[in-house]
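A.B. asks: Position chain L against the provided structure of chain P, taking the given hints into account.
Line by line, the protein sequences give chains P and L.
Letter by letter, the first sequence follows residues 295 to 687 of the working numbering.
Letter by letter, the second sequence follows residues 295 to 687 of the working numbering.
FYI, nobody ran anything at the bench for these hints, they're computed from the structure.
Predicted, not measured: the structure shown is a model, and the values here were computed from it.
Worth double-checking, as some hints may not be accurate.
The list that follows gives simulated cross-link-like pairs (lysine to aspartate or glutamate, DMTMM-like), each with its CA atoms no further than 25 Å apart [stated by the list, open to error]: (1) P/K414 with L/D641; (2) L/K414 with L/E435; (3) P/K313 with L/D492; (4) L/K313 with P/E645; (5) L/K313 with P/E639; (6) P/K313 with P/D413; (7) L/K314 with P/E642; (8) P/K314 with L/D600; (9) L/K314 with P/E435; (10) P/K313 with L/D641; (11) L/K313 with P/E642; (12) L/K414 with P/E639; (13) P/K414 with L/E639; (14) L/K314 with P/E645; (15) L/K313 with P/D641; (16) P/K314 with P/D411; (17) L/K313 with P/D600; (18) P/K313 with L/E645; (19) P/K314 with L/E642; (20) L/K314 with P/E639; (21) P/K414 with P/E435; (22) P/K314 with L/E639; (23) P/K313 with L/E639; (24) P/K314 with L/E645; (25) L/K414 with P/D641.
Okay, here's what each chain looks like letter by letter:
Number of protein chains: 2
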Amino acid sequence: MSVTAPAGFAAAGVTAGLKKSGGLDLALVQNLGPLTSAATVFTINRCQANPVIWSRQVMADGVVSAIVLNSGGANCYTGRIGFQTTHATAEAVAARLDISAGDVLVCSTGLIGEQLDLDKLRAGVWEASLALQGDVAASPEAGLAAATAIMTTDTTPKQAEHRSPAGWTIGGMAKGAGMLAPGLATMLVVITTDAVLDSARLDTALRQATRLTFDRLDSDGCMSTNDTVSLLASGASGIDADEAEFADALTELCRDLTLQLQADAEGAAHDVAIEVVNALSETEAVTVARAVSRSNLFKAAIYGNDPNWGRVLAAVGTVSEADATFDPYGIDVAINGVHVCTAGEPDEPRELVDLSARAVSVVIDLHAGAETATIWTNDLTHDYVEENSAYSS
Amino acid sequence: MSVTAPAGFAAAGVTAGLKKSGGLDLALVQNLGPLTSAATVFTINRCQANPVIWSRQVMADGVVSAIVLNSGGANCYTGRIGFQTTHATAEAVAARLDISAGDVLVCSTGLIGEQLDLDKLRAGVWEASLALQGDVAASPEAGLAAATAIMTTDTTPKQAEHRSPAGWTIGGMAKGAGMLAPGLATMLVVITTDAVLDSARLDTALRQATRLTFDRLDSDGCMSTNDTVSLLASGASGIDADEAEFADALTELCRDLTLQLQADAEGAAHDVAIEVVNALSETEAVTVARAVSRSNLFKAAIYGNDPNWGRVLAAVGTVSEADATFDPYGIDVAINGVHVCTAGEPDEPRELVDLSARAVSVVIDLHAGAETATIWTNDLTHDYVEENSAYSS
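Pulled out of the complex, with its shape left as it was, chain P reads as follows:
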């Protein structure tokens, strides 16, 4: 159930002292080969953190030998000093593992605009590299320690695993609880596989998977500066994976991690799946569903167990004609299976809707085509406000 599930990977999670809490805060995952192929997807936020700027350079040749991740600071908007910190961290990993710094991805998560303590990072890298040398480094426990070290406001580590009958395996870990929005959610994800796949094939599979999973999680509409999803292949199984089978399995694993992120979103009381059906295109379905997922009024109503479908339609109506085709008075809305609105008029009584469970289904029928998409979001709660009004203080 972790990044160490596939053969050819070692992991460690240690305490570098970056988190005030004193918990695990530095993770290191090494690809022991024989392959070192990799693919990544980064945030599309124009304000990119120093580790993202660094890691983009690393990906130029598609070769990754190790990835180092820290919580306790995002190293974003920290200028030249911050970039040097990222660079020096990669150099420290390279020296300890006898690899090239240009093959070391760096990820950071935490508060923006504060410098990381390089001495603590270096000491953490030293300790983690020692841990990598032991037999335990390929164990589930080592994977769990790494998954724990990347947590910020997450309440639980997030891991997933898939074993193919063909003989290869995928493992993954993720963090992310706030700033969850498209392109990507505020998340760090490391996925490992022992399948034999080159970087180009990994890239194709990873882009398909993230498009359908992480990119459709929109918990709070806020896009992060540090998002990185990485996929490393060791080839240690010696088995050439069927591309389609691998892509499907990867997508399923990413969906699993996505739903774990949704379930642990900051302060959330409901997990809401907004499904737009009968749209003219998948893109239009995503656009309409995302508009609803961004409505604070809708999200607050869900928190209050209030099936206020007028707020769904008011949000749908904000999508321009250029962005989605629909007759605003020809839309159906069902909440948890109750058809509260049919063709733009009240239908079944809203009192029939039971919102007491955590899972909520909203289905919006545009009657404009045959395409469907789902956006996963959460409600807007007191706990969300509380966590996010006190985060940096």
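C.D. replies: Chain L in isolation, oriented as in the chain P frame:
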């Protein structure tokens, strides 16, 4: 200080029984002439309420003799029956005031998806029309009653007035506390003037004014289905207003009402002015400022008196290169006068920022041009969540 301030207008606010609270809930404003020219701006939400659909038809000839407004129900997504209710309300006003129903604007505000009680509306119109016949109908008290009758979650009526040295006057009233977002905020606004101006000139002035005021209020990112801003001219002063002077005075009056709306936004603890300076164009400045105003994380931080400028830049970074020109690492941010970020790096300590007062200033310098724009927003608070999780229940 009300819609009755200009000569040639009568107003009334009565209890029709639409609001559960039993308060004033129906307002009627009559233009006694000699002119009956008018201009309106409606929501750009594609899901438009029945009164908006009706009032657009009324505006085809630019003639408005009266406007009737109710709280206690939005009459949106109520289908054919809902449209008939709007139509019948206009007919009732026309019969009582001996005018054409085609010259009666109708505005409604409240919950979406519920039918209004036509019998109560008709009785309310009857009572309001009786009140219009008395001497008191042109008094400030009558204007205040009308301004009170359109309130929903507003805690206070909102009115403004401008007296030109040239001899004409503008008066206005507004409601709106939630669903405050562009194009327009969820608001109903009635502005009256006794200046001599035709409908085309009123339209030009009103569009300039709303573009710079109501359209720049983005309290919670949610766009309403019922927004209507109307401007009625009686010409009763007999004075031809200078167009430029009138437009400036109207803009100032709309800004006054806008800031009253911001100050009474649902659950807000801070009024935040987000000013983007040195943008390439005014449109780009608005786009960047609006992106920040939509960040729940930024808004929650302000609620927590936390000058978390990283969240400002993370929101700025979500604006695409097509939508705004800037170097993401060349931006300055000042909060309440403290330069917390200069050229994308930490500058003055964030601890110097005092956010204890209600008014907050955020200045974002893009260093990309010479244009400026301000968006007014509010923080994200427990009270906002509380009010909006319990609104329809």
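A.B. asks: Against each hint, give a clear statement of whether it holds in the structure.
C.D. replies: So, going through the hints one by one against the coordinates:
With a C-alpha separation of about 23 Å, the suggested pairing of P/K414 with L/D641 holds against the 25 Å cut-off. Of the pairs offered as hints, the one joining L/K414 and L/E435 holds, with about 23 Å between alpha carbons and a cut-off of 25 Å not exceeded. Restraint check for P/K313 and L/D492: not satisfied, since their Cα atoms lie roughly 66 Å apart, outside the 25 Å limit. With a C-alpha separation of about 20 Å, the suggested pairing of L/K313 with P/E645 holds against the 25 Å cut-off.
Annotation: proposed proximity of L/K313 to P/E639 holds, straight-line Cα distance about 22 Å (limit 25 Å). With a CA separation close to 14 Å, the supplied pair P/K313 and P/D413 stays within the 25 Å bound. About 23 Å separates the Cα atoms of L/K314 and P/E642, which keeps this hinted pair within 25 Å; it holds. The hinted pair formed by P/K314 and L/D600 meets the criterion: a straight-line CA distance of about 18 Å does not exceed 25 Å.
Among the hinted pairs, L/K314 with P/E435 is inconsistent with the structure: their alpha-carbon atoms are about 59 Å apart, more than 25 Å. For the hint pairing P/K313 with L/D641, the CA-to-CA distance comes to about 23 Å; that is within 25 Å, so the pair holds. Pair hint L/K313 plus P/E642 holds up; C-alpha atoms about 23 Å apart against a cutoff of 25 Å. About 22 Å separates the Cα atoms of L/K414 and P/E639, which keeps this hinted pair within 25 Å; it holds.
Taken as a hint, the P/K414 and L/E639 pair is honoured in the structure, with Cα atoms around 22 Å apart against an allowance of 25 Å. Under the criterion of a C-alpha separation no larger than 25 Å, the hint pairing L/K314 with P/E645 is consistent with the structure, at around 18 Å. Under the criterion of a C-alpha separation no larger than 25 Å, the hint pairing L/K313 with P/D641 is consistent with the structure, at around 23 Å. A hinted pair counts as satisfied when its Cα atoms are at most 25 Å apart, and P/K314 with P/D411 qualifies at roughly 12 Å.
The hinted pair formed by L/K313 and P/D600 meets the criterion: a straight-line CA distance of about 19 Å does not exceed 25 Å. Between the alpha carbons of P/K313 and L/E645 the distance comes to roughly 20 Å, so the proposed pair stays at or under 25 Å and holds. For the hint pairing P/K314 with L/E642, the CA-to-CA distance comes to about 23 Å; that is within 25 Å, so the pair holds. As the CA atoms of L/K314 and P/E639 are separated by approximately 23 Å, the hinted pair is consistent with the 25 Å bound.
This hinted pair checks out: P/K414 and P/E435 have alpha carbons roughly 23 Å apart, not beyond 25 Å. Under the criterion of a C-alpha separation no larger than 25 Å, the hint pairing P/K314 with L/E639 is consistent with the structure, at around 23 Å. With a C-alpha separation of about 22 Å, the suggested pair P/K313 and L/E639 falls inside the 25 Å cut-off, and the hint holds. For the suggested pair P/K314 and L/E645, the alpha carbons sit about 18 Å apart, so the restraint of at most 25 Å is met.
Distance check on the hinted pair: L/K414 and P/D641 sit about 23 Å apart at the alpha-carbon level, within 25 Å; holds.
Checked against the numbered hints above, the structure breaks hints 3, 9 and satisfies the rest.
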